[in-house]
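Asker: The lines below spell out each chain.
There are 2 protein chains.
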Amino acid sequence: MNVRSTGEFESIDRIKKMLPELKNAVVGIGDDCAVLGSARGKYILVTSDMLIQDVHFELSKVSLLKVGRKALGVSLSDIAAMAGIPKYCITSVALPPEAPPAMLDDFYRGLLKLAKEFGVELVGGDTNRADKFICDVTVIGEVEKVKLIRRNGAKVGDKIFVTGSLGGSIKGKQFDFTPRVKEARLLADNFKIHSMIDISDGLSSDLHHIADASGVGAVIFGDRIPVSRNADSRIDALSAGEDYELLFTAPKAVKERDLTARLKMPVVMIGEITSKREGVKITDNKREKIDLERSGYRHF
Amino acid sequence: MNVRSTGEFESIDRIKKMLPELKNAVVGIGDDCAVLGSARGKYILVTSDMLIQDVHFELSKVSLLKVGRKALGVSLSDIAAMAGIPKYCITSVALPPEAPPAMLDDFYRGLLKLAKEFGVELVGGDTNRADKFICDVTVIGEVEKVKLIRRNGAKVGDKIFVTGSLGGSIKGKQFDFTPRVKEARLLADNFKIHSMIDISDGLSSDLHHIADASGVGAVIFGDRIPVSRNADSRIDALSAGEDYELLFTAPKAVKERDLTARLKMPVVMIGEITSKREGVKITDNKREKIDLERSGYRHF
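Residue numbers (this note's numbering), protein chains in the order written: chain Z, 455 to 754; chain P, 455 to 754.
Keep in mind the hints are simulated off the structure, nothing from the lab.
Check the hints yourself; a few may be wrong.
The list makes no distinction among identical chains, and a pair is therefore deemed to hold if it is satisfied within one copy or across any two copies.
Only pairs whose alpha carbons sit at most 25 Å apart, straight line, appear in this in silico SDA-like list of lysine to any residue [what the hints assert, rightly or not]:
(1) K515 to N582
(2) K567 to N478
(3) K496 to E596
(4) K470 to M557
(5) K586 to E464
(6) K586 to R748
(7) K586 to L505
(8) K613 to L476
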């Protein structure tokens with residue numbers, strides 16, 4: 455048995471079992487961000503993501519400007535998934551000693567441009583030596599307690615929505631995506647949203663995360679999935695991941711057209727939440743329900 | 455020109471020049487932790503440190519239990535340097551797919567044992583694939599606004615103190631050190647401390663950090679440096695680094711024996727703060743002042 459065979463999610467479960475009960479934190483491992491108590495009706499949100507050369511990107515194919523942008527963007531997307539406002543970021547970077555200083559400059563230029571767009575301040579950094587370029591970005595944000603949206607609030611009868619379109623992110627969106635921070639705030643401000651996650655692992659995998667956390671089932675209407683014109687197939691839209699769109703559930707009364715109008719971007723109703731015993735399904739071409747595999751991106 | 459020739463501190467300077475002025479954060483890049491505003495008379499402290507296999511440790515020589523302990527410990531030491539109380543940690547880890555799950559368990563067991571000792575909760579994690587074991591730990595803490603101690607408060611005439619003994623950390627202390635969190639709190643609670651840093655790069659390098667940040671000079675009395683019995687020489691005690699002891703300055707009235715009694719560990723007065731134009735010096739065997747090189751550990 456090795457980490458590849460057990461997989462990332464099993465690894466997380468192993469670690470969770472080692473942890474004592476949380477005394478201070480509101481939400482620990484298992485959502486998009488950790489949620490920490492604060493004063494004045496707000497929570498602090500914290501999330502970290504690591505990108506590694508030749509695992510997450512190849513320098514022959516992408517510039518460090520884009521890697522810097524993505525390194526921050528994936529964590530901004532995690533803050534968005536909980537309807538938070540990103541405030542600060544901290545970077546740990548490693549690079550080969552023979553790298554030109556411009557390499558570090560490019561990384562930070564890409565990161566800082568996105569940081570400026572979202573009003574995020576870079577407040578700390580650690581620089582190390584390594585054979586390959588590695589970065590880990592931590593983002594700290596905040597959210598009003600009444601506006602926090604988690605993965606675990608989906609209710610039977612909820613409709614399932616997704617912003618934008620899915621699949622084909624390998625053709626560019628994986629580096630150029632816009633974290634849906636503003637859209638998530640508009641959702642929290644104007645609608646009753648029961649649960650939310652950002653699509654990083656893939657629609658199917660991330661829907662399973664919502665279902666697991668909420669103790670519910672779900673059915674996706676296969677023909678309603680908004681497939682990106684860059685996607686090779688609907689399978690790609692379901693499982694390729696790195697879309698960094700919002701996947702959320704809301705009561706029946708919430709209408710697709712109202713969401714689209716308010717967010718000023720396409721929002722599509724793609725399914726509904728069912729009871730746990732019905733499992734997580736997708737309707738096929740004949741509109742029959744079949745099991746939806748957890749076929750999203752896996753890290754091992 | 456490459457990163458090795460420009461070095462870590464020059465890299466940090468390059469990045470700092472790219473940053474807009476801070477609007478929200480109290481302290482950004484350039485101290486042991488970032489300091490963020492909060493309510494109720496407290497600041498939030500955040501710090502990250504990355505450890506990389508074959509750069510910071512070799513798995514043939516040290517177990518991942520110790521790496522996990524150290525990965526958290528170095529950041530706890532940064533929180534201590536600002537007299538803070540560590541509260542939460544988040545981990546990003548990468549390891550080879552062929553690694554046994556026990557590898558991850560060992561890392562987390564080592565980390566969680568130290569976390570428990572210091573009342574720190576693990577609240578988030580990210581697991582990735584890489585050729586070598588990599589970890590980056592972010593610690594979030596807090597400090598009462600009136601108790602925050604920074605690098606930049608040293609005043610001409612201050613005495614310079616250090617806890618414990620220095621050098622020889624390569625023989626074990628680099629993995630087994632105790633972050634001086636309790637000692638730093640005792641200092642902040644009971645004495646007027648003007649500036650503080652933890653010794654990670656080495657006494658000489660870290661003293662230069664205090665002098666630079668405070669706009670002062672310093673003289674170290676060479677014969678007063680508490681050299682560890684594991685150190686090969688006084689040069690080792692001055693520059694090897696990874697001691698994770700506290701280096702701090704306080705007004706003349708603060709006595710070595712009172713500090714030692716209150717902290718219940720050896721505290722030694724090793725020098726005094728002088729004016730900036732006097733530079734950073736050390737007295738040699740003949741009690742003559744010579745320049746103290748920035749000869750601490752460098753990451754490149």
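Asker: Would you mind marking each hint as holding or not holding in the structure?
Answerer: Going through the hints against the structure:
{"no.": "1", "hint": "K515 to N582", "verdict": "both (23 Å within a copy, 21 Å between copies)"}
{"no.": "2", "hint": "K567 to N478", "verdict": "between (34 Å within a copy, 18 Å between copies)"}
{"no.": "3", "hint": "K496 to E596", "verdict": "both (7 Å within a copy, 16 Å between copies)"}
{"no.": "4", "hint": "K470 to M557", "verdict": "between (37 Å within a copy, 15 Å between copies)"}
{"no.": "5", "hint": "K586 to E464", "verdict": "between (27 Å within a copy, 20 Å between copies)"}
{"no.": "6", "hint": "K586 to R748", "verdict": "neither (31 Å within a copy, 27 Å between copies)"}
{"no.": "7", "hint": "K586 to L505", "verdict": "both (11 Å within a copy, 14 Å between copies)"}
{"no.": "8", "hint": "K613 to L476", "verdict": "neither (32 Å within a copy, 42 Å between copies)"}
In summary, the structure is inconsistent with hints 6 and 8 from the numbered list given earlier, while agreeing with the others.
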